[in-house]
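Colleague: Chains R and G, in that order, give the protein sequences. Everything in the first sequence is counted per the numbering used here, starting at 1 for the first residue and increasing by one. Everything in the second sequence is counted per the numbering used here, starting at 1001 for the first residue and increasing by one.
It should be emphasised that the hints constitute simulated quantities derived from the structure, not laboratory data. Heads up, some of the hints might be wrong.
Using C-beta positions, here's what the derived DEER-type ranges look like [what the hints assert, rightly or not]: (1) G:R1010 with R:S52: 33 to 41 Å; (2) G:K1007 with R:E60: 30 to 38 Å; (3) R:P113 with G:P1071: 43 to 51 Å; (4) G:P1008 with R:P113: 30 to 38 Å; (5) R:P80 with G:Q1038: 39 to 47 Å; (6) G:T1017 with R:E56: 47 to 55 Å.
Positions of the beta carbon are idealized from the N, C-alpha and C atoms, including for glycine.
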Amino acid sequence: EDQVTQSPEALRLQEGESSSLNCSYTVSGLRGLFWYRQDPGKGPEFLFTLYSAGEEKEKERLKATLTKKESFLHITAPKPEDSATYLCAVQAVGLAGANNLFFGTGTRLTVIP
Amino acid sequence: SAVISQKPSRDICQRGTSLTIQCQVDSQVTMMFWYRQQPGQSLTLIATANQGSEATYESGFVIDKFPISRPNLTFSTLTVSNMSPEDSSIYLCSVKTGGEQYFGPGTRLTVT
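Isolated chain R, as found in the complex:
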């Protein structure tokens, strides 16, 4: 069964304490893996799209990587404003609807000053 699993569910970091969020997926025919940031009461904010294993993308303190089974969102020296829920989503040939984004349940990140 196609699945997207994010871990951990919640993560508390001290300001400046680097860490990684994980998104593992079991889909056939991956077309793209997406990372979003969602603040409370707001819609998801697009961060990255990764298309193939080995691909990496960076934006400020965030770096996303992709393997054939999982993706990592690395957060370097986080600041309190990085606190949010980070969502992973996949688009795959096998998923119902060629354009459907299948979302994980997210990792709720809290960065403590």
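Assemble chain G onto chain R, guided by the hints.
Modeller: Using the frame of chain R, we list chain G on its own:
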């Protein structure tokens, strides 16, 4: 990128009534989507709305309950019909452009 606005931002509705949510995009886009995010859960695709064709609904969602209009390349509406408390959720409009997919701010619906 794309800037998406939704109206209303939130509403409280009575059981049995209907609510129409509007989505406006700042540029012309072919592919537009409607998602639902129930409390404590992640996003689920309701339907894909492409201009000039009928909306395509995902399993578990039907046109009678969630009718969609897409009159042009910058606008769409989603109606939640005959509402029940189980329809309480955040409804999000989304567009795909340039290989990237963007979301609106969402409409928070509470059904009493």
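Colleague: Against each hint, give a clear statement of whether it holds in the structure.
Modeller: Hint check:
1. In this structure the supplied range 33 to 41 Å holds for G:R1010 paired with R:S52, their Cβ-Cβ distance being about 40 Å.
2. G:K1007 and R:E60 have their C-beta atoms about 32 Å apart, which keeps the hinted 30 to 38 Å range intact.
3. Separation of R:P113 from G:P1071 is about 48 Å and conforms to the stated range, judged on CB atoms against 43 to 51 Å.
4. Checked against the given bound of 30 to 38 Å, the beta carbons of G:P1008 and R:P113, roughly 35 Å apart, stay inside it.
5. R:P80 and G:Q1038 have their C-beta atoms about 28 Å apart, which leaves the hinted 39 to 47 Å range violated.
6. A beta carbon spacing of about 49 Å between G:T1017 and R:E56 agrees with the range 47 to 55 Å that was offered as a hint.
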